[in-house]
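With the hints as constraints, model all of the structure from the sequences given.
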Amino acid sequence: MTTAAPPTPSPRALRWQLRRNAAARTWTRFQANRLGLGGLVVLLLFGAIALAAPLLLDANELRASQATGPILGAPSAEYPLGTDDSGRSVLTVLIFGSRVPLLVGVTATIVAMVIGTLIGIASGLFDGWVGTLLFRLTEWFLVIPFLPLALVLATLLGGSLLSLIIVIGVTGWSSTAILIRAQTLSVRERPFIERARILGAGRWHLMTRHIFPNVLPLVFANTTLTVAGSVLAETTLAFLGFGDPTNVSWGTMLNSAFNNGAVSLGAWWFLIPPGICVVLVVLAFTLVGQALEDIVNPRLKETA
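For the sequence shown, position 190 matches number 190 in this note's numbering, and the numbering has no gaps at all.
Check before you lean on any hint, since a few could be wrong.
Said to hold, decoys possible - What follows is a set of in silico ranges between Cβ atoms, one per label pair, in the way DEER data are often shown: (1) 76 x 259: 16 to 26 Å; (2) 162 x 266: 53 to 63 Å; (3) 197 x 276: 48 to 58 Å; (4) 263 x 144: 47 to 57 Å; (5) 195 x 21: 17 to 27 Å; (6) 58 x 276: 16 to 26 Å; (7) 152 x 214: 53 to 63 Å.
What the hints contain is simulated information worked out from the structure, not anything from laboratory work. Treat the numbers as computed from the prediction; the structure is a model and nothing was measured. Backbone N, C-alpha and C define an ideal beta-carbon position, used for all residues, glycine too.
Following this line, the structure appears as structure tokens:
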């Protein structure tokens, strides 16, 4: 008696199996990078604190009218990180202030990555005036200094969270587009692209089914690096007074500290903690991004 042959898996099941295997290999190689793994731990810690802030603390403590502490009071048993210019606990403001940089950083990065990926693929795949126009537009955004352009847009759009997301996302996509365009130019010369063209595949089919899957790992690796820049951009704009006045963030804390003379008064507890938090988050995203970049493109590590 012969046994029946096992059923042949469908092409979709095979694709998902390949993706799961690739993800498992990526995670295994990522774990070998101690700096990247340390950065991931720091990001998970900050993310957990930001998500749990409303559960850990009372948001009413952020209201200056309900503050009971001394103005710019030094650290004590009651206030471990001292108080700010309104008498609020710096620790409470610091924890709630983690929510805005991470929210704006991640969402603005999504905007930037979508724009940069679409323009990068299109400028690398399309020939003629379309590709040239998109490439020149990318170069223009790349050479324009970020801060002046961001300040102009922030002034026009106002100081809401949505405005910050739009400003940072619209001004931060050009480096991604350059990177994706270069990868697209390399992928489009591969034999399977030529075979797809011979079989009648259109540009949209090539972009979605062939080009995008091959640039996706690079997009993913570049995302974490872009989040670091977006968090720093949000902090900079908030520090300069272009943040959302209805929400606390590390940038608004630094702005308030400088405006109320924390430096001249020696109130280091109001100035240093938010600065350290910004440095840690930006550094953590950078370490994770570099670890992923070494995995996605090992040639960078070989030529370094």
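Range first: 17 to 27 Å. Now tell me if the beta carbons of residue 195 and residue 21 are that far apart. holds, 24 Å
Cβ separation of residue 263 and residue 144, checked against the hinted range 47 to 57 Å: Cβ of residue 263 to Cβ of residue 144: about 32 Å, so the range 47 to 57 Å is violated.
Beta-carbon spacing of residue 58 to residue 276 - inside the hinted bounds 16 to 26 Å or not: holds, 24 Å
Does the beta carbon distance between residue 162 and residue 266 stay inside 53 to 63 Å, or does it fall outside? Violated: the Cβ-Cβ distance is about 38 Å, outside 53 to 63 Å.
A range of 16 to 26 Å was offered for this pair. Does it hold for the Cβ distance of residue 76 and residue 259? holds, 24 Å
Would you say the C-beta atoms of residue 152 and residue 214 sit inside 53 to 63 Å of each other? The hinted range 53 to 63 Å is violated for residue 152 and residue 214, with Cβ atoms some 37 Å apart.
Is the distance from the Cβ of residue 197 to the Cβ of residue 276 consistent with 48 to 58 Å? holds, 54 Å
When held up to the earlier numbered hints, the structure conflicts with 2, 4 and 7 and fits the remainder.
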